[in-house]
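Peer 1: Starting from the known structure of chain D, arrange chain W on it as the hints suggest.
There are 2 protein chains.
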Amino acid sequence: MGDEANFDVIAIVGVGLIGGSLGMAARARGLTKRVIGIGRNEARLDRAKQLNAIDSYTLDRSQGVAEADLVVVCTPVRDIVPNIKAFAGSLKEGAIVTDVGSTKAEVVSGAEAVLGAGPHFVGGHPMAGSEASGVEAARPDLFEGAAYIITPTDRTNLSAMRKMLKFAKAIGARTIVMSPEEHDYATALVSHVPHVLAAAALSIANEAEEEHPGDIFSIAAGSFRDLTRVSGSPPALWRDICLSNSEAVAAALLRFEKELAAIREVIESGDCDAVENLFKRASELREMLIRSRE
Amino acid sequence: MGDEANFDVIAIVGVGLIGGSLGMAARARGLTKRVIGIGRNEARLDRAKQLNAIDSYTLDRSQGVAEADLVVVCTPVRDIVPNIKAFAGSLKEGAIVTDVGSTKAEVVSGAEAVLGAGPHFVGGHPMAGSEASGVEAARPDLFEGAAYIITPTDRTNLSAMRKMLKFAKAIGARTIVMSPEEHDYATALVSHVPHVLAAAALSIANEAEEEHPGDIFSIAAGSFRDLTRVSGSPPALWRDICLSNSEAVAAALLRFEKELAAIREVIESGDCDAVENLFKRASELREMLIRSRE
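Chains as they are written, first to last, in this note's numbering: chain D, 3 to 296; chain W, 3 to 296.
Chain D extracted, bound-state conformation (with noise of 0.2 Å):
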């Protein structure tokens, strides 16, 4: 089939959010003849069916793969490598294997591990959603002005990563190329430090709320509450970066706690400009977070 976006048969691991708004897009879009919806329960099999998220389903995951161009596995993260290890003997001679998970090293490791040298693994990552939600939330059109991120190693096929690639854009995603490791640090830079960094200030504010009760968080201004908002969301996450991420979140917060310290000895400096300097840049760094998603 050349370079095009296009897979004849497109197989899903795990039709929820993520699996069924990709089934969802590629028929949309035409980039398939076929979405074969494989999982372990059909009653939310047949949900996914009725709403076009798949054409067909079975339980069977070596029958579901066996003539798929393209297998995407969007189970959790702790089940990807085991689901791969479970079907790669059914493969189709050049078929394509992806999968969705929020960490990647351990995951492309494995895969490419489990696969060997037949079939093309590529690890990817669609910044949309999660995976939690179910297929009752999946849309055609979550994937669209979203990031997302294919992470190549060494043995990655590079036509296989090209076609992963137009797939990506033609349901409508910016996508980014880096490796695994280079992933993980980046989005432990960016969703899971910012996470531990609300815990860790939630928790320093309650030892000064237990000395003054009720009227530290009283006084806690917006900058306060921007920083903790993210402390709302489901503790799922944190099981995640637990099982597969904890290696680069470790790496970002120690290059965190130097950065604060370094901070800190200009503060203490009493260097005025250097201390202004500081926040001037932090103000033009923000303005580029702005600009960069204009």
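Check the hints yourself; a few may be wrong.
Each pair may be met inside one copy or between any two copies, as identical chains are not told apart.
Heads up, simulated SDA-like pairs for lysine to any residue below, C-alpha to C-alpha not over 25 Å straight-line [claimed, not checked]: (1) 260 / 272; (2) 282 / 227; (3) 168 / 216; (4) 35 / 290; (5) 87 / 212; (6) 282 / 228; (7) 282 / 224; (8) 260 / 270; (9) 282 / 81; (10) 87 / 6; (11) 171 / 33; (12) 87 / 161; (13) 94 / 275; (14) 171 / 220; (15) 168 / 213.
By construction, these hints were calculated from the structure, which means they are not laboratory data.
This structure is a prediction, so every number in the text was calculated from the model and none was measured.
Peer 2: Frame of chain D, contents of chain W only:
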């Protein structure tokens, strides 16, 4: 006059957003017979009078404070003690002097030193807006629902403190009492530290961005955007911190570095239950924070 919220004559030194709003609030609520504005710029004082923030004005500090029962110093933090020193000899017997500076330990000890045993100094910090925006932005309801922190010391006259608390309540504020040092640590924690965290996060993300131009900022999710929102605020705050709150900010940052290191060790340990408990606790504290404003 006993313990009422009333002051026959109020002098306001520095009639900007906070000073102007205090004048408007006191006049609108009938808490005073006359508000005298004191400043260095006649055109701006005239504008304050047109806006009903003050009844009259003078460029002469000594003359301005001579009849006042309450003198409120609303200048930038670094000018508060020099101003008090300049008019101290002209104060009426029993006059109360207060300020609205956003840091307190240095200001309060400086003010107590220059005033001596005669007039009654009561440090204060209404947490509403910023003095930078000028009298055009002043409004009589600026303090409604806002926290107004009163910062007594061993030397504070209790009757004067009670009058200030009643005054703050009478203009619609929620009053909070803490020592100047507690105030400075608490505001460092809930306001200055979040600014430092935002600057640190932007700086580290920018390192990664330089490796991947256009990619890191573009995958920055809502949590990173919430965390760094405060970096858009003006750098004036940082002059104040540098000039008078660096000690408390450094102490709060050091506490934060230790908390981050402790959380990092839990994440590195791979103890998933401990990690999950940590973030469950954060979620509970966030709930407490939200409820504290209801």
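Peer 1: Now tell me if each hint is right for this structure.
Peer 2: Each hint tested on the structure:
{"no.": "1", "hint": "260 / 272", "verdict": "both (19 Å within a copy, 22 Å between copies)"}
{"no.": "2", "hint": "282 / 227", "verdict": "both (22 Å within a copy, 18 Å between copies)"}
{"no.": "3", "hint": "168 / 216", "verdict": "between (55 Å within a copy, 19 Å between copies)"}
{"no.": "4", "hint": "35 / 290", "verdict": "neither (42 Å within a copy, 52 Å between copies)"}
{"no.": "5", "hint": "87 / 212", "verdict": "neither (51 Å within a copy, 37 Å between copies)"}
{"no.": "6", "hint": "282 / 228", "verdict": "both (20 Å within a copy, 19 Å between copies)"}
{"no.": "7", "hint": "282 / 224", "verdict": "both (20 Å within a copy, 22 Å between copies)"}
{"no.": "8", "hint": "260 / 270", "verdict": "both (15 Å within a copy, 17 Å between copies)"}
{"no.": "9", "hint": "282 / 81", "verdict": "between (45 Å within a copy, 24 Å between copies)"}
{"no.": "10", "hint": "87 / 6", "verdict": "neither (28 Å within a copy, 78 Å between copies)"}
{"no.": "11", "hint": "171 / 33", "verdict": "within (11 Å within a copy, 66 Å between copies)"}
{"no.": "12", "hint": "87 / 161", "verdict": "within (23 Å within a copy, 77 Å between copies)"}
{"no.": "13", "hint": "94 / 275", "verdict": "neither (64 Å within a copy, 41 Å between copies)"}
{"no.": "14", "hint": "171 / 220", "verdict": "between (46 Å within a copy, 16 Å between copies)"}
{"no.": "15", "hint": "168 / 213", "verdict": "between (57 Å within a copy, 24 Å between copies)"}
Checked against the numbered hints above, the structure violates hints 4, 5, 10, 13; every other hint is satisfied.
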